[in-house]
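Taken in order, these protein sequences are the chains called C and Y. First residue of the first sequence: 6, per the numbering used here; consecutive thereafter. First residue of the second sequence: 37, per the numbering used here; consecutive thereafter.
Be aware that one or more of the hints could be misleading.
In silico lysine to any residue, SDA-like type, Cα no more than 25 Å apart, as pairs [unchecked claim]:
#1 C/Lys238 x C/Gly379
#2 C/Lys79 x Y/Glu75
#3 C/Lys76 x Y/Phe128
#4 C/Lys85 x C/Leu155
#5 C/Lys79 x Y/Asp65
#6 Y/Lys67 x Y/Cys141
#7 C/Lys79 x Y/Tyr60
#8 C/Lys238 x C/His396
#9 Y/Lys183 x Y/Pro66
#10 Y/Lys67 x C/His396
#11 Y/Lys67 x C/Gly172
#12 C/Lys161 x Y/Pro66
#13 C/Lys85 x Y/Glu40
#14 C/Lys76 x Y/Glu75
#15 Y/Lys183 x C/Glu114
#16 C/Lys76 x Y/Tyr60
#17 Y/Lys153 x Y/Arg197
#18 C/Lys237 x C/Gly205
#19 Y/Lys183 x C/Ala56
#20 C/Lys76 x C/Thr54
#21 Y/Lys200 x C/Arg342
#22 C/Lys238 x C/Gly172
Derived contacts from chain Y toward chain C, CB cut-off under 7 Å, selection only [stated by the list, open to error]:
#23 Asn62
#24 Thr63
#25 Ser102
#26 Thr167
#27 Arg170
Simulated from the structure, these hints should not be mistaken for lab results. Since we're looking at a predicted model, the values are computed, not measured. All residues carry an ideal CB built from backbone N, CA and C; glycine is no exception.
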Amino acid sequence: MPMTVTEKILARHTGKDEVCPGELVNVRCDVVLGNDITAPLAIAEFERTGAGRVFDKSRVLLVPDHFVPNKDIKSAEQAKILRDFARQQELTHRWDVGTMGVEHCLLPEQGLVGPGDLVIGADSHTCTYGGIGAFATGVGSTDLAAAMALGETWLKVPESIKFVFHGRLGPWTGGKDLILHTIGVIGVDGALYQAMEFTGEAIADLSVEGRLTMANMAVEAGAKNGIVAPDKKTRRWVEGRNQRPVTFLASDPDAVYARVYEFDVTDLEPQVAFPHLPSNVRPVAQAGEVLIDQAVIGSCTNGRIEDLRLAARVLAGHKAHRDVRLIVIPGTQAIYRQAMDEGLITVFLDAGAAVSTPTCGPCLGGHMGILARGERSVATTNRNFVGRMGHPQSEVYLANPAVAAASAVLGRLADPREVVQDAD
Amino acid sequence: MQIEGQAWCFGDNLDTDRIIPARYLNTSDPKELAAHCMEDADATFASRVAPGDVVVAGRNCGCGSSREHAPLALKAAGVGAVIAPSFARIFFRNSFNIGLPILECPEAAAGIQPGNKVRVDFERGLITDLTTGREYVAQPIPPFMGKIIECGGLINYVRERMGKASTNP
Chain C
6 MPMTVTEKIL
16 ARHTGKDEVC
26 PGELVNVRCD
36 VVLGNDITAP
46 LAIAEFERTG
56 AGRVFDKSRV
66 LLVPDHFVPN
76 KDIKSAEQAK
86 ILRDFARQQE
96 LTHRWDVGTM
106 GVEHCLLPEQ
116 GLVGPGDLVI
126 GADSHTCTYG
136 GIGAFATGVG
146 STDLAAAMAL
156 GETWLKVPES
166 IKFVFHGRLG
176 PWTGGKDLIL
186 HTIGVIGVDG
196 ALYQAMEFTG
206 EAIADLSVEG
216 RLTMANMAVE
226 AGAKNGIVAP
236 DKKTRRWVEG
246 RNQRPVTFLA
256 SDPDAVYARV
266 YEFDVTDLEP
276 QVAFPHLPSN
286 VRPVAQAGEV
296 LIDQAVIGSC
306 TNGRIEDLRL
316 AARVLAGHKA
326 HRDVRLIVIP
336 GTQAIYRQAM
346 DEGLITVFLD
356 AGAAVSTPTC
366 GPCLGGHMGI
376 LARGERSVAT
386 TNRNFVGRMG
396 HPQSEVYLAN
406 PAVAAASAVL
416 GRLADPREVV
426 QDAD
Chain Y
37 MQIEGQAWCF
47 GDNLDTDRII
57 PARYLNTSDP
67 KELAAHCMED
77 ADATFASRVA
87 PGDVVVAGRN
97 CGCGSSREHA
107 PLALKAAGVG
117 AVIAPSFARI
127 FFRNSFNIGL
137 PILECPEAAA
147 GIQPGNKVRV
157 DFERGLITDL
167 TTGREYVAQP
177 IPPFMGKIIE
187 CGGLINYVRE
197 RMGKASTNP
């Protein structure tokens, strides 16, 4: 039977030759993941199972990244639950301030997730790893607790939707624009319970970082997972990183899809999602005069080195507008160091940016850049729900790093071409 | 199992940030979470909601963050059931896992008005708007999932099946 890449990965993790959409399967998890918000609940539930020890101390990955460095006493207590548990269970991989990163930037970088893996995580953006050809999906804390005990979970095999991106992207559009455009077309529940498979020559051309950005936001269309079948680019990216064997799988040519969407992206403009849904998308050129108070460049969506390079290209030789607070958050310590080595941090400092240690912080209104009533932020993050970055009457505009940087310079939503004239 | 209470209506795409804003996620104590439940959607909700009340939402209910704190906050606030035309998948799983019954029923979600008195019979999947007398039929909750709810969540259900006593979370 022909299968999609998602179905193939699920089949391999059930010990079956094939699976079909709708089938309920018990799957083996390569790694399971939690963070400082979701792990404390999972740990409490894990203790109640009576299991005692986790199924495999090298495959339970707990990353304190949301409210860390500890933002207040209560979150310090939560993070301590994670830290104490990691120590007590003698987990192989332990991270903390100074070594950690935003989980979905960190784990691919460290080779702890890879092509062909099956990953569940108590964080909705676990779907990011589909960018390197893994099946990865978000769950809640109780599901994580059960998986920490058993190394298994149950899933319904999703139908797949195929998205074919034809053409060539322009210099200021990337993975963020493709996924925002897609969500704008299909809506925030347009892929509910389904797999989003991204293909076509624009995806073949797209960097691995851009693919991670696309898979990251699959959940914003309600999808169970987003995936790009791994190719030579993926292989080059994971080589030298991966700590476990990887499997390169692709969809069969005659695999069955619930729907197929085709887009020509050659003339796609940089996109912005207006408040308060990621589907409320329009080209930045049609944004009108939207003044901003803050620009955030970072997060599991756009906190990787390519994102910082893009932002620096726009910011070089410019200053952030005096009424804009520009906050740059490298996704991991390694990305931070690389940005420093490449001179990007100097560009950011010269532009008047605050450069932060890795954290999810402002993306979810946690800390490090909370908005007051009536304030607006352009952000390279993933959600612009009511109150997402602070006051319920504040607003978040989602965009790519070049748009965020250009908006920081001009003090309003702006196209990068308004700041940089010599785009190649 | 049946519950009866007043309806609280919300629109499409009720996200988990609105059910429990992230600024309160520095705790996982259900009582503390309940005190801020729905704060950014209806600031009066937490103080006025009564045990057995029913949240009636629109499409894609519970979208966004995977935070299990969202169904926990609703349950601890006393919400007896959530009715919506469709749910985001993580919220759907989380709700059963922590013992909050939810039902998919587009007709009930469209028909029930705020403040109406509602009765839900989970075994039969029967939703009755006692204010208007209208009845709606949803897919009943299958017995094993009803058992998870009755036990107070998945872990208690697992413990009970393993012959261990339930413990409170």
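*asked:* Tell me if the straight-line CA distance from lysine 200 of chain Y to arginine 342 of chain C falls inside 25 Å.
replied: Outside the cut-off at roughly 51 Å; violated.
*asked:* Can you confirm whether the C-alpha distance between lysine 79 of chain C and glutamate 75 of chain Y stays at or below 25 Å?
replied: Holds, because 20 Å separates the two Cα atoms, which is no more than 25 Å.
*Straight-line alpha-carbon gap lysine 67 of chain Y to glycine 172 of chain C, limit 25 Å*: violated, 53 Å
_Hint consistency between lysine 67 of chain Y and histidine 396 of chain C [alpha-carbon to alpha-carbon, up to 25 Å]_ = It holds: about 23 Å lies between the C-alpha atoms, which stays within 25 Å.
*Below or equal to 25 Å on CA atoms is what counts here, so check lysine 237 of chain C against glycine 205 of chain C.*
holds, 15 Å
_Hinted contact serine 102 of chain Y with chain C - closest CB pair below 7 Å_ = holds, 4 Å
*For the pair supplied as a hint, lysine 76 of chain C and phenylalanine 128 of chain Y, confirm whether the alpha-carbon distance does not exceed 25 Å.*
Distance ~30 Å between lysine 76 of chain C and phenylalanine 128 of chain Y Cα, so the pair is violated.
*Is the straight-line distance between the alpha-carbon of lysine 238 of chain C and that of histidine 396 of chain C 25 Å or less?*
violated, 41 Å
*Does lysine 161 of chain C pair with proline 66 of chain Y here, judged by a C-alpha cut-off of 25 Å?*
violated, 29 Å
_Does cysteine 141 of chain Y sit within 25 Å of lysine 67 of chain Y, going by the straight-line distance between their CA atoms?_
Status violated; Cα separation ~29 Å.
_Checking one constraint from the list: CA of lysine 153 of chain Y to CA of arginine 197 of chain Y, max 25 Å. Satisfied?_
With a Cα-Cα distance of about 36 Å, the restraint between lysine 153 of chain Y and arginine 197 of chain Y is violated, given a limit of 25 Å.
*Minimum beta-carbon distance criterion (7 Å), threonine 167 of chain Y to chain C*: violated, 29 Å
Comparing the model with each numbered hint stated earlier shows that hints 1, 3, 6, 8, 11, 12, 13, 15, 17, 20, 21, 26 and 27 do not hold.
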